[in-house]
Amino acid sequence: VASEHAHLAHHFDDLDQQNESLSLGMWVFLVTEVMIFGGLFAAYTVYRHLYPAAFSYGSGRLNWKLASVNTLVLISSSLTMALAVHGAQVGSRRTLVRCLVLTIVLGVAFLVIKGFEYAEDVHEGLVPAPGYFHVEAGSGLDANQVRQLRLFLALYFCMTGLHALHMVVGMGVLACLALLARRDRYSPEYHAPVEMAGLYWHFVDVIWIFLLPLLYLSGTH
Amino acid sequence: MAHHVVRPRTYLLVFAALIALTALTVGASQIDLGGWHLTVGLIFAVAKATLVVLFFMHLWYSSRLTWVVALSGAVFLGILIFLTMNDYLTRGWPSGL
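Top line first, the protein sequences correspond to chains D and E. Residues in the first sequence are numbered from 1 upward in steps of one, following my numbering. Residues in the second sequence are numbered from 1 upward in steps of one, following my numbering.
Calculated directly from the structure, the hints in this document are not laboratory data. We treat Cβ as the ideally placed atom computed from N, Cα and C, and that holds for glycine. Hints are supplied without guarantee of correctness; some may be wrong.
Some but not every residue of chain D turned toward chain E, in silico, with C-beta under 7 Å [to be verified]: (1) Gly25; (2) Trp27; (3) Val28; (4) Val31; (5) Leu40; (6) Ala82; (7) Leu199; (8) Phe210; (9) Ser218.
Some chain D residues well away from chain E (every beta-carbon gap over 12 Å; in silico) [what the hints assert, rightly or not]: (10) Glu120; (11) Val127; (12) Ala143; (13) Pro213.
Chain E is faced by these chain D residues, among others (derived, beta-carbon under 10 Å) [to be verified]: (14) Gly39; (15) Ala43; (16) Arg48; (17) Phe157; (18) His202; (19) Phe203.
Input sequences plus hints: build the corresponding full structure.
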């Protein structure tokens, strides 16, 4: 009961009510995040419908192998994140810190692989910017479809870029949590920040789960 | 219910299912599906996202209110895409007028 008082804000009846409010607030935030990405998903849907050939060609040009490996990396990081929350719940500081660090390492691995992929895109002329964009003669696309391909690539960079930005933010949060966890700031009674960061990290994973088929796996090879 | 402790075994099973579904998605994208790649890919993605949301994000063990808020995200995204496509898909109807 003593530890309950230490972490219970005065406007809540008990810790259960406080935790319920925290996770509800986090879910509301995540719904607003769904709508941020939703604008991009809606734009993708419209232009995929209007320009199926160019989008299919563009998807086929992206590196699905690196993206698939990255999917496995990100799913693994979600597992370590879930295990970190479990460590906090059962009061194992060692599990918590180790799993948080492992999650960050997997996040770094994801971004490094993504970096290699972007470098390859630059090399292949798949960046929709003057001087960086070119399509070989054998692509089979007409002048309009080449413009539509640029639209696909713009959406690709916006969607993966916004996703990567979310990962960077998430890794910053996890690094803070790992430092605080090392100082024994979390207990089975109080570890709400770990749970909330977990929700955010899994959400970022869910976004990527949809980016994989939309951007990489729906092309003509 | 705010502090339901999920067993690591459950997490590992969900993880295995996610890996298997990813392998299936990638496998399906490499065979000829006659233009159904995107649809098939999205079906697998919805299955994977559901697993992550229910178990990694603990929605399965959460209150009804949390369920409503979480589902509202999917509903609003659905409204956004449905109404937008409602416009694009029906432009030029009725044809010839």
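Right, here's what the structure says about each hint:
1. Gly25: For Gly25/D, the interface hint is violated, since the closest Cβ of chain E sits about 9 Å away, which is over 7 Å.
2. Trp27: holds (5 Å)
3. Val28: Since the shortest Cβ distance to chain E is 6 Å, the answer is holds.
4. Val31: This hint holds: Val31/D lies near chain E, its Cβ roughly 4 Å from the closest one there, short of 7 Å.
5. Leu40: violated (11 Å)
6. Ala82: Check passed: Cβ of Ala82/D comes within 5 Å of chain E, closer than 7 Å.
7. Leu199: holds (6 Å)
8. Phe210: holds (5 Å)
9. Ser218: Status holds, d = 4 Å.
10. Glu120: holds (18 Å)
11. Val127: At roughly 24 Å from the nearest Cβ of chain E, Val127/D sits farther out than 12 Å, so the non-interface label holds.
12. Ala143: holds (23 Å)
13. Pro213: violated (3 Å)
14. Gly39: Holds, because the Cβ-Cβ distance from Gly39/D to chain E comes to roughly 8 Å (cut-off 10 Å).
15. Ala43: Interface hint status for Ala43/D: holds (9 Å vs cutoff 10 Å).
16. Arg48: holds (8 Å)
17. Phe157: violated (20 Å)
18. His202: Because about 5 Å separates His202/D from the closest Cβ in chain E, which is inside the 10 Å limit, the hint holds.
19. Phe203: Cβ of Phe203/D sits 7 Å from chain E, so the hint holds.
In this structure, the earlier hints numbered 1, 5, 13 and 17 are contradicted, and the remaining ones agree with it.
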